[in-house]
Every structure is written in structure tokens, then in C-alpha cells.
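Between the sequences and the hints, there should be enough to build the whole structure, so can you do that?
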Amino acid sequence: MFGSTVMLATWFVQPLRLPSETRLWMLLPLVACVALVYRATRARQVRELPWATVRTFLTIVFGMAAIAAGFYLAHLAARRFL
Amino acid sequence: MAGKRDTTTRAVAAGLLAWALPGAGHLWLGHRGLAAVFFVAISVPYWLGMAFAGVLDGANPRTNPWLFLAEAGIGGYTLPAYVASQSLEQRVLRELGWRAAPPQTMRDEYRRYLEARAPYMSFYPESDVAQIYLATAGLLNLLAILDAITRAQTGGLPTYYRELASATAQSTETG
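Quick note, the sequences are listed as chains A and B, same order.
The working numbering applies: residue 1 is where the first sequence begins, and numbers increase by one.
The working numbering applies: residue 1 is where the second sequence begins, and numbers increase by one.
In short, the hints are calculated from the structure, not lab data.
Where is the CB? At the ideal position from N, CA and C, for every residue including glycine.
There could be a bad hint or two in this list.
[What the hints assert, rightly or not] Pair ranges (Cβ atoms, derived):
| id | chain 1 | residue 1 | chain 2 | residue 2 | range |
| --- | --- | --- | --- | --- | --- |
| 1 | A | L24 | B | T7 | 23 to 31 Å |
| 2 | A | R80 | B | E173 | 52 to 60 Å |
| 3 | A | L76 | B | G155 | 48 to 56 Å |
| 4 | A | H75 | B | R94 | 45 to 53 Å |
| 5 | A | R80 | B | R94 | 54 to 62 Å |
| 6 | B | E95 | A | R80 | 26 to 34 Å |
| 7 | A | A52 | B | D6 | 30 to 38 Å |
| 8 | A | V54 | B | W98 | 47 to 55 Å |
| 9 | A | M64 | B | T168 | 29 to 37 Å |
[To be verified] Away from chain A, derived, C-beta distances all over 10 Å, residues of chain B:
| id | residue |
| --- | --- |
| 10 | R5 |
| 11 | V12 |
| 12 | R62 |
| 13 | W66 |
| 14 | L69 |
| 15 | G76 |
| 16 | Y82 |
| 17 | L96 |
| 18 | W98 |
| 19 | D108 |
| 20 | Y110 |
| 21 | Y113 |
| 22 | E115 |
[Stated by the list, open to error] Residues of chain B placed beyond 12 Å of chain A at every Cβ, according to the derived structure:
| id | residue |
| --- | --- |
| 23 | G75 |
| 24 | L93 |
| 25 | A101 |
| 26 | R112 |
| 27 | P125 |
Right, dumping it as C-alpha cells:
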């Protein structure tokens with residue numbers, strides 16, 4: 001018990017390291033949490049949540065990917081024509 | 001009149017509980033499933049963000065006041081984290097034999113101070129991820145607090161259904 005408490009405290013005292021290639025993937029759990037909380041504020045009961053959350057999750061992820069693709073294309077265009 | 005006072009008391013209590021612990025306001029109102037959802041969906045990003053940030057700068061209003069303000073949306077988590085942060089700051093200063101952090105103008109002392117702090121500090125890319133996670137969790141809990149208050153006032157209906165009901169009533173009156 002004491003050992004696990006010390007280990008838990010160490011996690012928060014010395015920051016965890018994150019491999020740089022995993023940085024982008026950290027978006028997905030956060031989007032899942034945002035989608036879940038947003039849908040929970042509009043639901044009467046928990047059973048309404050799963051599909052609504054999945055739809056919101058996909059909307060946010062694909063929406064952000066589309067925005068990123070748009071900026072990337074604008075960047076390529078700027079490099080070529082400016 | 002007494003009913004309105006009861007509703008206000010319930011709304012204030014639900015809001016305060018939700019501020020102290022994500023989901024606690026909903027649990028108090030009897031929405032056990034929603035309480036579990038809010039607890040998990042807000043606590044996971046908060047503590048993951050704190051683990052990436054480290055408590056020293058993760059809940060420190062001196063080094064990042066705007067982040068601290070966003071985190072304050074979860075009082076029950078951020079207050080203990082703030083106490084831990086100040087305690088760690090004091091430990092670093094004690095190790096250096098100082099009582100307070102030196103100003104940046106004292107360049108050598110300030111460099112020693114930063115070197116002593118470095119093992120407890122988060123750097124890119126973890127610091128970016130940590131700030132986004134912590135700020136998002138704090139702001140998501142504001143949504144949860146408002147939802148708990150609304151459900152306390154409406155007997156369990158979320159804001160969306162309350163708006164829907166008032167819009168329907170308005171269209172019935174005008175129609």
C-alpha cells in the first residue's frame with residue numbers, strides 16, 4: 001500500500017516522458033473525453049450516450065483532419081506561388 | 001416560495017459538489033450513470049495532464065496563471081495539487097538554502113534555481129500535451145457544473161430539453 005502510494009506520488013512529482021511520435025495520437029483520448037462530456041450534457045440517460053458519443057468523436061476528428069489538410073494545402077500553395 | 005428556495009438550494013449544492021469532484025453533483029441528484037461518466041471523462045484527462053506536467057508547474061499560478069485559472073474549474077483536484085506544488089517549490093528552495101526564488105536579474109542564482117527545478121519540470125512536447133489536457137479537463141468540468149445546476153432546477157432534464165420545451169411552448173402560444 002505504502003509502495004503504491006509512493007509510486008503514485010512519484011508520477012506527479014517527476015513528469016512522465018512522452019515519445020515524440022506519440023504526441024499526435026494524444027489527441028484521440030482527449031477528443032473522446034470531450035465528446036463524452038458534451039453528449040452527457042445533452043442526454044437524459046446514459047444509454048443514449050454510446051452512439052451519440054461515437055458520432056461526435058468522429059465529427060471532431062474528421063473535422064480537425066479536414067482543417068489540418070486545408071492549412072497544409074494553403075501552405076503548399078503559398079510555397080509554390082508566393 | 002419554499003419550493004423555489006428548495007430548488008435554488010439544490011442547484012447551489014449540486015454546483016458546489018460538481019466543482020469539488022467531477023460527477024459528485026450528478027450523483028447527489030441521483031444520476032448515478034451520468035455521474036460515473038463525468039467522473040471518468042474529466043478525471044482521466046486531468047490526472048494524465050498532471051502526470052505529464054508534474055505537480056510543480058502543473059498547478060502553479062506563478063508560472064502559469066491562465067492554466068491555473070482553467071484548472072480551477074475542478075477545485076477538489078486543483079487545491080491539493082496547488083498545496084503539493086508549493087510544498088515541492090519550498091523543498092527545492094530548502095535544498096539550495098534559500099527562502100525565496102531569486103529574481104531573473106541575478107543571473108547566476110537564477111540559473112542555479114532553474115537547474116534545481118529542472119528534474120521536476122516538464123518540457124516540450126510533454127508540457128504542450130499537459131497544458132491542453134489540464135485546461136480542457138478544467139473547462140469540461142465547468143460544463144458539468146452548469147449541467148448539474150440545470151438538472152437540479154428542472155428535475156433532471158438537461159439544458160437541451162429545457163430549451164426544446166420552451167421553444168415548443170412558444171411556438172404553441174404563437175401558433
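Structure-based check of each hint:
1. A:L24 with B:T7: 23 to 31 Å: violated (46 Å)
2. A:R80 with B:E173: 52 to 60 Å: holds (59 Å)
3. A:L76 with B:G155: 48 to 56 Å: holds (55 Å)
4. A:H75 with B:R94: 45 to 53 Å: holds (50 Å)
5. A:R80 with B:R94: 54 to 62 Å: Holds - the Cβ-Cβ distance for R80 of chain A and R94 of chain B, about 58 Å, lies within 54 to 62 Å.
6. B:E95 with A:R80: 26 to 34 Å: violated (55 Å)
7. A:A52 with B:D6: 30 to 38 Å: holds (32 Å)
8. A:V54 with B:W98: 47 to 55 Å: holds (53 Å)
9. A:M64 with B:T168: 29 to 37 Å: holds (34 Å)
10. R5: holds (26 Å)
11. V12: holds (19 Å)
12. R62: Its Cβ never comes within 10 Å of chain A, the nearest being 18 Å, so this holds.
13. W66: Holds: least Cβ distance 18 Å, greater than 10 Å.
14. L69: holds (19 Å)
15. G76: holds (16 Å)
16. Y82: Holds, since 12 Å exceeds 10 Å.
17. L96: Holds, since 17 Å exceeds 10 Å.
18. W98: holds (20 Å)
19. D108: holds (26 Å)
20. Y110: Non-interface label on Y110 of chain B holds, nearest chain A Cβ at 21 Å vs cutoff 10 Å.
21. Y113: With a cut-off of 10 Å, Y113 of chain B remains clear of chain A, as the shortest Cβ separation is near 18 Å.
22. E115: At roughly 15 Å from the nearest Cβ of chain A, E115 of chain B sits farther out than 10 Å, so the non-interface label holds.
23. G75: The claim holds: G75 of chain B sits with its nearest Cβ about 17 Å from chain A, beyond 12 Å.
24. L93: The claim stands: L93 of chain B keeps its Cβ more than 12 Å from every Cβ of chain A (closest is about 16 Å).
25. A101: At roughly 18 Å from the nearest Cβ of chain A, A101 of chain B sits farther out than 12 Å, so the non-interface label holds.
26. R112: holds (20 Å)
27. P125: Violated: least Cβ distance 5 Å, not greater than 12 Å.
In this structure, the hints that do not hold are numbers 1, 6 and 27, in rising order.
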